[in-house]
Amino acid sequence: MISVWKRELQSYFYTPVGYLFMGVFLALSSVMFYLQILSQRSSDLLTFMGQISYLWMLLTPVLTMRLLAEERQKRTDQLLLTSPVSLTGIVLGKYLAAVTVMVLTVLLTMVYALIVAIYGQVYPGELMVGLTGFVLQGCAFIALDLFISGCASNPVSAAVMAFGVNFALWILDMVELSVTAPWLSGVLSFFSLYARNEPFLMGQLSFASIGFDLSFAAACLVLTIHMLDSRRYRGG
Amino acid sequence: MIELKHVTKRYGATLAVSDLSFRAPEGQIVGLLGQNGAGKTTTLNMLTGYFPPNEGQVLVNGMDMLHNPRECKRCIGYLPEKPPLYDEMTVEAYLRFVCELREVERRAIVAHIGEIMAICGLTEVAKRLVGRLSKGFRQRVGVAQALCGNPPVIVLDEPTVGLDPRQVVEIRELIRQLGKTHTVIFSSHLLSEIQQLCQRVIILHKGRVIREADMAELTDGGDKVRLRASIAMNEEKLLPALKGLDCVCRVKVLPATEENITEVELECDARSDRGDPQTQLFRLLCGLDAPLRMLAPQRDTLEEVFLRATADEA
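In order, the protein sequence lines correspond to chains A and B.
For the first sequence, position 131 matches number 131 in my numbering, and the numbering has no gaps at all.
For the second sequence, position 201 matches number 201 in my numbering, and the numbering has no gaps at all.
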């Protein structure tokens, strides 16, 4: 697993993908930082995090699109699947590599907190809770998009499909607001990755939300492993 | 060392390989021969654990690939038809990654990679990106990755396809060298390649093994002996006498090169009770007062064996 993680992590920076992800994320988040914090003379980092969390929808497909789809397209999966490493190790290695790049990017956004701390007041506990929710939400999106990458036959279709599914989740979130049937609203709200982030944005360390995000990611990873394994049984 | 027992593979409704069984003995170069679509790649993919068979067993050193995949895969290095290369990596970094995948001891990796690159002639391109290499060098990197971890069995799927003649010769020489220290299983539809390199041949046709034998056994005809004879006698008188011989199964008249000389090819039963076919023929011709101008036992070429075997099955 470690060898796969290391290779994927290096691959992000051997190719433009890692730089593209970090660059676009930091560029868009800095515009939002200017609009939300600097121009408003606000120190409300939690609201700012809530807004930049929508960037996951846009950018996690960039991180995951090559991970499995390109292996399948270029048939490099033959190397991995005929090596003494388990399918679980392969999927986890790839997932953790994407999560590592995401966490590194989030760490770079701490510059914003530093700027606010210089000119205003930052509450470390509140900031940590917000960051936890933000990172967990990213982990859940990456796991979902990794599964989609496993289903796709090439990186471009993986990216398009992943963006479509992420967008659909966001739309469902808005549908939930307009649904009148309480049970349906409850179901949509339960499965919403955005609604699950709200307690963190209010400074609450919600174990239910932590559990949901981790379970969601784990379920996606298990599905990915199962899907790849069943494809192996069908003959690649 | 490697054994397939009654292996069957289906892709949906299509039967790719059916009830396939064979053994690859230790220390030999074994060739899988077959036309396109005969099931060679499917067989190699199952043999290396890329995917499991629907029925049957793949045994590596007596271990079942399905139940001990890690141990089995550690024993096999595989070069698929299209080498599994990451274009963005340098040759050295790529081989390091494969060594790590194959659980080579961390301290031994540098020396091991150096050794493999020397064997495969990659030292001069160690720092170059894989994506910038020529097809011949890419194939060499593919062979090199199969050697990482020093597995006792090397499996190569059509390793010379798409290479220019010089590269083909180089890769064949590399396989020959590997055969001295490893068990090598490789597939090809090139008969000359199999004949040059292999000690044992397995002929596949429509997903089934139709012949499996040592190369010498395959081309010497087994119980049958083919003799080519040039006899100074009229064809009309000679042929009935030849057909009357106890050991002769078939007589084929060849185009004559000289007047009053009959050229024939005889297919004879080598286990006849009345002595070996050459002696019987010689005695017959003495009795007929027909001078024998030339007598030569014929060996089958692999091409003839292959065509005969696949025609029998068609």
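These are computed hints drawn from the structure, not numbers from a lab.
Backbone N, C-alpha and C define an ideal beta-carbon position, used for all residues, glycine too.
Hints may contain errors.
To be verified - Negatives, chain B to chain A, calculated, CB over 12 Å:
hint: 1; residue: Phe22
hint: 2; residue: Asn45
hint: 3; residue: Leu59
hint: 4; residue: Pro80
hint: 5; residue: Leu191
hint: 6; residue: Cys249
hint: 7; residue: Arg293
To be verified - The calculated lysine-lysine pairs, modelled on DSSO-like cross-linking and capped at a C-alpha distance of 27 Å, are:
hint: 8; chain 1: B; residue 1: Lys243; chain 2: B; residue 2: Lys224
hint: 9; chain 1: A; residue 1: Lys74; chain 2: B; residue 2: Lys135
hint: 10; chain 1: A; residue 1: Lys6; chain 2: B; residue 2: Lys252
hint: 11; chain 1: B; residue 1: Lys82; chain 2: B; residue 2: Lys135
hint: 12; chain 1: B; residue 1: Lys82; chain 2: B; residue 2: Lys180
hint: 13; chain 1: A; residue 1: Lys74; chain 2: B; residue 2: Lys237
hint: 14; chain 1: B; residue 1: Lys224; chain 2: B; residue 2: Lys252
hint: 15; chain 1: B; residue 1: Lys135; chain 2: B; residue 2: Lys206
hint: 16; chain 1: B; residue 1: Lys237; chain 2: B; residue 2: Lys252
hint: 17; chain 1: B; residue 1: Lys237; chain 2: B; residue 2: Lys5
hint: 18; chain 1: A; residue 1: Lys74; chain 2: B; residue 2: Lys82
hint: 19; chain 1: A; residue 1: Lys6; chain 2: B; residue 2: Lys127
hint: 20; chain 1: B; residue 1: Lys206; chain 2: B; residue 2: Lys82
hint: 21; chain 1: B; residue 1: Lys224; chain 2: B; residue 2: Lys237
hint: 22; chain 1: B; residue 1: Lys243; chain 2: B; residue 2: Lys206
Are the Cα positions of lysine 206 of chain B and lysine 82 of chain B separated by 27 Å at most? Holds - the C-alpha atoms of lysine 82 of chain B and lysine 206 of chain B are around 22 Å apart, at most 27 Å.
Going straight from one Cα to the other, do lysine 243 of chain B and lysine 224 of chain B come out at no more than 27 Å? Holds - the C-alpha atoms of lysine 224 of chain B and lysine 243 of chain B are around 16 Å apart, at most 27 Å.
Assess, step by step, whether the Cα of lysine 6 of chain A is no farther than 27 Å from the Cα of lysine 127 of chain B, and give holds or violated. holds (19 Å)
Between lysine 237 of chain B and lysine 5 of chain B, does the CA-CA distance stay at or below 27 Å? Violated, at about 53 Å.
Pair hint lysine 82 of chain B and lysine 180 of chain B, alpha-carbon separation not exceeding 27 Å: Holds, at roughly 25 Å.
Distal placement of leucine 59 of chain B relative to chain A, Cβ over 12 Å: holds (16 Å)
Take the C-alpha atoms of lysine 237 of chain B and lysine 252 of chain B, compute the straight-line distance between them, and say whether it is at most 27 Å. Measuring from Cα to Cα gives roughly 15 Å; hence the hint holds.
Has the given pair, lysine 6 of chain A with lysine 252 of chain B, been kept, meaning a C-alpha gap of at most 27 Å? violated (67 Å)
Would you check the hint for lysine 74 of chain A and lysine 237 of chain B, treating anything up to 27 Å between C-alpha atoms as holding? violated (67 Å)
When you check the alpha-carbon spacing of lysine 224 of chain B and lysine 252 of chain B, does it fall within 27 Å? Satisfied, since the Cα-Cα distance of roughly 15 Å is no more than 27 Å.
Hey, is arginine 293 of chain B genuinely clear of chain A, shortest beta carbon separation above 12 Å? holds (58 Å)
Would you mind confirming whether the straight-line C-alpha gap from lysine 243 of chain B to lysine 206 of chain B stays at or under 27 Å? Since the Cα atoms of lysine 243 of chain B and lysine 206 of chain B sit roughly 37 Å apart, the hinted pair is violated (cutoff 27 Å).
The structure fails hints 2, 4, 10, 13, 15, 17 and 22 (numbered hints given earlier, in ascending order).
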